[in-house]
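**Q** Residue-level listing of the chains:
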Amino acid sequence: MKNSVSGRRRFLVESGKLAGGGWLALNAPMLLAAGHHAAEQQAAHGAWVNISEDEAAGFAAVVDQVIPPDDLPGASEAGAVYFIDNVLGGFLAALAPLLRQGLQDIDRRARDVSAGASGFAALPFDQQTAILQTIEDTPFFENMIFLTHCGLFALPSWGGNTDKAGWKLLGFENLHAWQPPFGYYDAQLLAGEGDHAEG
Amino acid sequence: MQKDRPLAVFDTRREVDFVIIGSGASGGVLAKQLSTAGFEVVVLEQGPYRRAKDFSHDELGVFIQGEMTSHPLWEDRQTFRHTRQEKAVVHSQGPAPALYARGVGGSSVHFTANYWRMRPLDFKERSLLGEISGTGFADWPLSYEELEPYYTRVDWEIGVSGAPGPFDAPRSKPFPVPPLPVKSSGVLLEKGAKKLGLHAQPAPMAILSKPHNNRPACLHCGFCMGFGCEANAKSSTLAAMIPLAEATGRCEIRPLSTVFKIETNQAGRVSEVAYFDAEGAPQAQKAKAVIVAANGGETPRLLLMSESSRHPDGLANGSGLVGKYLMANGHSAAYAFFDEPLNEHKSVQVTRIIHDFYENDPQRGFYGGGGIDARAFIQASPILFAQNGLPPDAPRWGKAHKDMLRRNFTRRMMLLASTTSLAQESNNITLDPEHKDGAGRPAMRITYRDHDDDLAMMKFMQDRSMELLEAAGANTTWREPVVPETVLAHLLGTCRMGADPASSVVDPYHRSHEVPNLFICDGSSLVTSGRGQPTMTIQALAFRAAEHIAGFARRGEI
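Protein chains in written order, with my numbering: chain Z, 1256 to 1454; chain R, 1099 to 1656.
Just so you know, the hints here were simulated from the structure itself, not pulled from any lab data. Treat the hints with care, as some may be off.
[Claimed, not checked] Calculated pairs, DSS-like style, for lysine-lysine (alpha carbon to alpha carbon, straight line, at most 27 Å):
1. R:K1222 to R:K1557
2. R:K1151 to Z:K1419
3. R:K1292 to R:K1557
4. R:K1151 to R:K1308
5. R:K1185 to Z:K1419
6. R:K1271 to R:K1222
7. Z:K1423 to R:K1497
8. R:K1534 to R:K1359
9. R:K1359 to R:K1386
If we strip away everything but chain Z, and leave its shape as in the complex, we get:
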């Protein structure tokens, strides 16, 4: 598992996707050089590039509170933590201190609730929910909601949305061509059964 993930990540780094360079490659050689430097730094590390194992566990617990597992994957299974690891080494690096403080804060709250707990991730799901309800409006949790959504719904080349799990949840497909009918109501019209056709 670890090997396949780091293999995939190495591919992303080498293909330039992980840095999220995009337009940088087009016409701005100086900026592109800066982007490559960051990507090389990332490639030198292991499975988690910009976060620790403990932080990864904390993030996994929080993102699974935002989008919990049911018959479809929760956010961590859908790759949201890999996404977070990636962007904390990229365009959201400035967010890292806030997120680290937030994780420490919920670990502290977890130990207040359950003295023996090693941290937030070790608590039962419902106790985690109760803690997050008390910090719902903090910048930390606002950002975690945002990062969970990005990790689930951005292009998989950003490191998350594994097997397009986020898009499957929504019923979204990233195709480059569609044909009408696009939805139920225009299909109904085309079939001559809609209100429009009757009226």
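Let chain Z serve as the given structure and place chain R on it in line with the hints.
**A** Quick look at chain R alone, frame taken from chain Z:
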């Protein structure tokens, strides 16, 4: 057809016929028209030269990071305030206050491509309705009839899909290609309209429904608003005009060229345009004449930056109106869930519109008019939908949140109303006295608060939108309060045209009243805001201006 390198390369010391600043909706048209007419043209574009192959469906890069619009690496900060009594705040997150795209083709690359013509009344509404005190409400120095042939050129040369609606102004030629296939949102808008006695009509869109002018038809991929078209089916100037300009061998598109000053000589004429090149080195391109087409925000900013002893208040600013009368159009929205999937993420943003409320109606008690369209908006973008697509009282995380995302991504619909903005001197573009951009240029300062009539019109249209959604059979509807605009995607009126040098910046042919070889042609030229979709009119003006400017040049009148 497109080449990897520019076909024409001009030395900066060569005095070319025209430098055009900006390659967007108007600059692209002017470049094509003047180069095909035989003139040498250099186009200075601050953004990069992206082509269809460079565009993607990367919502995180394009929308969240603002790759084309407000990416921090541009280091081109803006400041915003509602009134001059406030201190303008530096924009740091989310869409920029003056929202436009950087790159060859400008905002025509990322726009939604709604192409409404204005109507005869738009050009003479001041005469029809009388003065509106405290505003710069004025007639245009030209009529619909005069502009109509150029609207038709936009239809055919840019490429507009559509079919005439019941309230449309007369047209001299049919649309070149039929409307795009109706989406579920269009069908539902039509259903609601019928129940209420209103009239939904096919949306005129600058996206090809059929192949036209050697460009392909839309593939319905759904990534229009905010994205560049990978198929060249969206009729940006990048797709429709720039290749024709370059093919003449007389037009050089020079990307990553950030203009900081238009230089004038002792005779009071424009002599060269100073800019930073891709490496940040200062350059200056000599030209016989200059056309500023940098958009209604950047154009006045540049003119104000181009002050000199002869032009102490900025270039072409004898009237004092450069930057004033900024109009952005008003917007208000209503949202709904329906029982069955609409799949708004497929195909173009808009397929049906309602123009029953286009005209001013004295019975409303305030000035204004507008249109309503059914559009996907953020529904086409999974991240933005997850962040903002659910009703305000919906759970924002947890199992119930997941269930709502799962059920409603395909079932959500939005109606957007676009409305008039009154010209007010207090709404304007100025140079920020404190903040500078990464190139050392004064930051653009935007001061903007919608007129009370504009806000009333937005609210009126939102009420109608709610009624339409109910009539269409929505199971849930909601809206957000109408508030003054803070993100301006339409930048209009800041160098208005007119016959009188005391009350306008350019004459009816876009020549500045003060500098004979300086022309200004873009959204800044508009005298009134129209009803919310200005690009069609901006480009009709550009086709018309190019014809007159070419005539002046040929006759030695520049």
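**Q** Tell me, in ascending order, the numbers of any earlier hints that this structure violates.
**A** Of the numbered hints, just 5 does not hold.
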